[in-house]
Each structure stands twice: as structure tokens, then as C-alpha cells.
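Q: Given chain A's structure and the hints, the job is docking chain B onto it.
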Amino acid sequence: MAKKFIISNHIRKLRFFANEMTQQELAEKAGASRQTIIAIEAGKYSPSLELAFRIADVFGVPIGEVFECEVREE
Amino acid sequence: MSYQEKKTIVSIVSGALLLVAYCIYAFGRYNSGAIAQGDLKHWAGIMLIFIGIGIVLTIVIQIVFHILLSISIAIKKKIQDESLDDKEIEKSIQSEMVEDEMDRLINLKSTQIGFIFAGIGFVTALVSLVLGYSPVVMLNILFISFSAGSVLEGFTHLYFYRRGIQHG
Numbered sequence: 001m002a003k004k005f006i007i008s009n010h011i012r013k014l015r016f017f018a019n020e021m022t023q024q025e026l027a028e029k030a031g032a033s034r035q036t037i038i039a040i041e042a043g044k045y046s047p048s049l050e051l052a053f054r055i056a057d058v059f060g061v062p063i064g065e066v067f068e069c070e071v072r073e074e
Numbered sequence: 075m076s077y078q079e080k081k082t083i084v085s086i087v088s089g090a091l092l093l094v095a096y097c098i099y100a101f102g103r104y105n106s107g108a109i110a111q112g113d114l115k116h117w118a119g120i121m122l123i124f125i126g127i128g129i130v131l132t133i134v135i136q137i138v139f140h141i142l143l144s145i146s147i148a149i150k151k152k153i154q155d156e157s158l159d160d161k162e163i164e165k166s167i168q169s170e171m172v173e174d175e176m177d178r179l180i181n182l183k184s185t186q187i188g189f190i191f192a193g194i195g196f197v198t199a200l201v202s203l204v205l206g207y208s209p210v211v212m213l214n215i216l217f218i219s220f221s222a223g224s225v226l227e228g229f230t231h232l233y234f235y236r237r238g239i240q241h242g
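Chains A and B supply the protein sequences, listed in that same order. Counting along the first sequence from 1, when you hit position 29 you're at 29 in our numbering, and nothing is skipped either side. Counting along the second sequence from 1, when you hit position 26 you're at 100 in our numbering, and nothing is skipped either side.
Extracted from the complex, chain A is given alone in its bound form (with noise of 0.2 Å):
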């Protein structure tokens, strides 16, 4: 049976508790554009393990509290 990976974030909330950072300072801070985080936070796209790091690194919390990765069983 393949297992599946879906990966999701918690990017709006920290950008919440980050004094409502807007997706375009976000954007500028991890070095990617504002249409990019706007995709990662939708689920749309999985960034590469360098940019999720960065966003990480940007909101100062490890990786595993920006994004969560649920396996299923197919």
C-alpha cells in the first residue's frame, strides 16, 4: 500500500501572532514572492527544504511548528 503525504502549514497563524505580518513582508523577509506564499499557504505548493527553513527562520520557530506533514495510507 503507498503512503501518501500531505503536507499543510501554519503560516496565517503565525503571521497573526507576528503583529499581522502582511504575505508581501513575509515574502521579502524568506526571499521569495508574495504569489509564492500565497500559493504555499493555500496548500498549493510545497516549498523546497531551503524556503521552508527560511520561512521558519523569518516567524523564529523550527520547522516542524510552520509546517506538519500527515501520512495516509492509499
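The set of hints was computed from the structure by calculation and includes no laboratory data. A couple of the hints might just be wrong.
[Claimed, not checked] Cut-off 27 Å, straight-line C-alpha distance, at most; resulting in silico cross-link-like pairs (BS3-like, lysine-lysine):
| hint | chain 1 | residue 1 | chain 2 | residue 2 |
| --- | --- | --- | --- | --- |
| 1 | A | K44 | B | K183 |
| 2 | B | K81 | B | K165 |
| 3 | B | K81 | B | K183 |
| 4 | B | K183 | A | K3 |
| 5 | B | K152 | A | K44 |
| 6 | A | K4 | B | K81 |
| 7 | B | K81 | B | K161 |
| 8 | B | K152 | B | K165 |
| 9 | A | K44 | A | K4 |
| 10 | B | K183 | B | K115 |
| 11 | B | K80 | B | K152 |
| 12 | A | K13 | B | K161 |
| 13 | B | K161 | B | K151 |
| 14 | B | K81 | A | K44 |
| 15 | A | K29 | B | K80 |
| 16 | A | K44 | A | K13 |
| 17 | B | K165 | A | K29 |
| 18 | A | K29 | B | K115 |
| 19 | A | K13 | A | K29 |
| 20 | B | K80 | B | K165 |
| 21 | B | K81 | B | K152 |
| 22 | B | K80 | A | K44 |
| 23 | B | K161 | B | K183 |
| 24 | B | K81 | B | K151 |
| 25 | B | K151 | B | K165 |
| 26 | B | K165 | B | K115 |
| 27 | B | K80 | B | K161 |
| 28 | B | K150 | B | K161 |
| 29 | A | K29 | B | K151 |
| 30 | B | K150 | B | K80 |
| 31 | B | K165 | A | K4 |
| 32 | A | K29 | A | K44 |
| 33 | A | K44 | A | K3 |
| 34 | B | K80 | B | K151 |
[What the hints assert, rightly or not] According to the in silico footprint, chain B covers these stretches of chain A (three or more CB under 8 Å from chain B):
| hint | segment |
| --- | --- |
| 35 | 18 to 29 |
| 36 | 56 to 68 |
[As the list claims (entries may be wrong)] Not the full set, but computed from the structure, chain A residues with beta-carbon under 7 Å of chain B:
| hint | residue |
| --- | --- |
| 37 | A32 |
| 38 | S33 |
| 39 | S48 |
Ideal Cβ placement from N, Cα and C applies to all residues, glycine included.
A: Relative to the frame of chain A, chain B by itself:
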């Protein structure tokens, strides 16, 4: 709509316009009898001219697009906050036009799809020769499939920007 999507729409429009212009011009001339049947040299000449026009048109349209987009961002920022200086406006223009890993992945996948389409066109062109069609037909299938492939590449871009993209 993001900068990348706007840029893609501009490319699609210019590519589609060029393709339509080629079909109207070349087939119009052929139907009027200005090009003799099997005159490969003439067809190749027309295609080369349109390739040249395509390159120049793409460069000019992209330059004009960038200028207009920069002006519109600058005006929008100035309306939002009048105290912004030129450096801050320039920074926001640059941040709007930034290209990152998602853009590169979308570019890669779209180019792949565009090339697959052009490849199918190439095979179809060869099949047309085998079936006994004129080399002019083959040449036109080749040219149109490559042009349509680049337009398809643009639509794929838009599709991925809207629907999202995953690695692998």
C-alpha cells in the same frame, strides 16, 4: 493578478497574434496564387521573416509591459502613501517582479509541455511526408506546431499559477 501572470498573458497575446498574422498573410498569399505550389524557398522566407518579427515583437512588448507596469505600481504606491520616496517605490517595484523557485518550477514544467506539443507536431510533419503530402505542408505543420506550442506553454503557466504546482 501577479506580475508573472500578467507577463504570461502578454506573451500569450503576442504569440497568438503572430500566429494568426502568419496564417492570414501566408495562406492569403497562397490562396491568391502569389506563391507557386511547392515553392519551398518562398515559404521558408516568409517563416524566417515571421520568426524575426516574433523576436523583435516579444522584446518590444516586454519592454513596454515592464515600463507600464512599473509606472502603474509607482502610481498605486504613491496614492496609498504620499510620503514614500523614490527608493521605497523602486524597492516595491523590484519585490513585485521577483522570480523565485516556484516560478522556475512552473517555467520548467510549462516548457516541457510546450516541447512535447512541438515534438508531436514534428512527428505529424514527418507522417505527412510519408503519406505523400507536399514538403510545404510539412514545413507549415512544423512552424505552426512550434508557434502553438509556445502559446500552449503560456496557458500552462497560467494553469499552474491558478491551480498550484507540486514537486515530482
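Q: Each of the hints needs a verdict: does it hold here or not?
A: A quick look at each hint next to the structure:
1. Proximity of K44 of chain A to K183 of chain B is assessed by CA-CA distance (about 15 Å); at most 27 Å being required, the pair is judged to hold.
2. For the hint linking K81 of chain B to K165 of chain B, the alpha-carbon distance of about 19 Å falls within 27 Å, and the restraint holds.
3. Between K81 of chain B and K183 of chain B the CA atoms are separated by roughly 17 Å; this keeps the pair inside 27 Å, and the hint holds.
4. Restraint check for K183 of chain B and K3 of chain A: satisfied, since their Cα atoms lie roughly 25 Å apart, inside the 27 Å limit.
5. Between the alpha carbons of K152 of chain B and K44 of chain A the distance comes to roughly 32 Å, so the proposed pair goes past 27 Å and is violated.
6. A distance of roughly 35 Å separates the Cα atoms of K4 of chain A and K81 of chain B; the hinted pair therefore is violated under the 27 Å criterion.
7. Of the supplied pair hints, the one linking K81 of chain B and K161 of chain B holds, its CA atoms being roughly 24 Å apart against a limit of 27 Å.
8. Using a Cα cut-off of 27 Å, the hinted pair K152 of chain B and K165 of chain B holds, with the two alpha carbons roughly 13 Å apart.
9. Restraint check: the Cα-Cα separation between K44 of chain A and K4 of chain A comes to about 16 Å, which is no more than 27 Å; the hinted pair holds.
10. Of the pairs offered as hints, the one joining K183 of chain B and K115 of chain B is violated, with about 35 Å between alpha carbons and a cut-off of 27 Å exceeded.
11. Proximity of K80 of chain B to K152 of chain B is assessed by CA-CA distance (about 21 Å); at most 27 Å being required, the pair is judged to hold.
12. Restraint check: the Cα-Cα separation between K13 of chain A and K161 of chain B comes to about 32 Å, which exceeds 27 Å; the hinted pair is violated.
13. About 12 Å separates the Cα atoms of K161 of chain B and K151 of chain B, which keeps this hinted pair within 27 Å; it holds.
14. With a C-alpha separation of about 21 Å, the suggested pair K81 of chain B and K44 of chain A falls inside the 27 Å cut-off, and the hint holds.
15. Pair hint K29 of chain A plus K80 of chain B holds up; C-alpha atoms about 24 Å apart against a cutoff of 27 Å.
16. Straight-line distance between C-alpha atoms of K44 of chain A and K13 of chain A comes to about 17 Å, which keeps the hinted pair within the 27 Å bound.
17. Taking the CA atoms of K165 of chain B and K29 of chain A, the gap is near 13 Å; set against the 27 Å cutoff, the hint holds.
18. With a CA separation close to 56 Å, the supplied pair K29 of chain A and K115 of chain B exceeds the 27 Å bound.
19. Between K13 of chain A and K29 of chain A the CA atoms are separated by roughly 17 Å; this keeps the pair inside 27 Å, and the hint holds.
20. For the proposed pair K80 of chain B and K165 of chain B, the alpha carbon gap of about 19 Å is at most 27 Å, so the pair holds.
21. With a C-alpha separation of about 23 Å, the suggested pair K81 of chain B and K152 of chain B falls inside the 27 Å cut-off, and the hint holds.
22. This hinted pair checks out: K80 of chain B and K44 of chain A have alpha carbons roughly 20 Å apart, not beyond 27 Å.
23. Distance check on the hinted pair: K161 of chain B and K183 of chain B sit about 35 Å apart at the alpha-carbon level, beyond 27 Å; violated.
24. For the hint pairing K81 of chain B with K151 of chain B, the CA-to-CA distance comes to about 20 Å; that is within 27 Å, so the pair holds.
25. Simply put, K151 of chain B and K165 of chain B have alpha-carbon atoms about 11 Å apart, close enough for the 27 Å limit, and the pair holds.
26. Between K165 of chain B and K115 of chain B the CA atoms are separated by roughly 51 Å; this puts the pair beyond 27 Å, and the hint is violated.
27. Restraint check for K80 of chain B and K161 of chain B: the C-alpha separation of about 24 Å stays at or below 27 Å, so the hint holds.
28. As the CA atoms of K150 of chain B and K161 of chain B are separated by approximately 15 Å, the hinted pair is consistent with the 27 Å bound.
29. With a C-alpha separation of about 20 Å, the suggested pairing of K29 of chain A with K151 of chain B holds against the 27 Å cut-off.
30. Our distance criterion of 27 Å between C-alpha atoms is met by K150 of chain B and K80 of chain B, whose separation comes to about 17 Å.
31. In summary, the hint linking K165 of chain B to K4 of chain A is not supported, as the alpha carbons are separated by about 41 Å, beyond the 27 Å threshold.
32. Proposed proximity of K29 of chain A and K44 of chain A is supported: the alpha carbons are some 21 Å apart, at most 27 Å.
33. Distance check on the hinted pair: K44 of chain A and K3 of chain A sit about 19 Å apart at the alpha-carbon level, within 27 Å; holds.
34. Our distance criterion of 27 Å between C-alpha atoms is met by K80 of chain B and K151 of chain B, whose separation comes to about 18 Å.
35. Counting residues of the segment 18 to 29 of chain A whose CB lies closer than 8 Å to any CB of chain B gives 3, which reaches the minimum of 3, so the coverage claim holds.
36. Counting residues of the segment 56 to 68 of chain A whose C-beta lies closer than 8 Å to any C-beta of chain B gives 0; at least three are required, and the coverage claim is violated.
37. Given the 7 Å rule on beta carbons, the hint for A32 of chain A holds: about 5 Å separates it from the nearest Cβ of chain B.
38. With 7 Å as the threshold, the beta carbon of S33 of chain A comes within range of chain B, its nearest partner Cβ sitting at about 5 Å, so the hint holds.
39. Look at S48 of chain A: its Cβ gets to within about 6 Å of chain B, closer than 7 Å, so that hint holds up.
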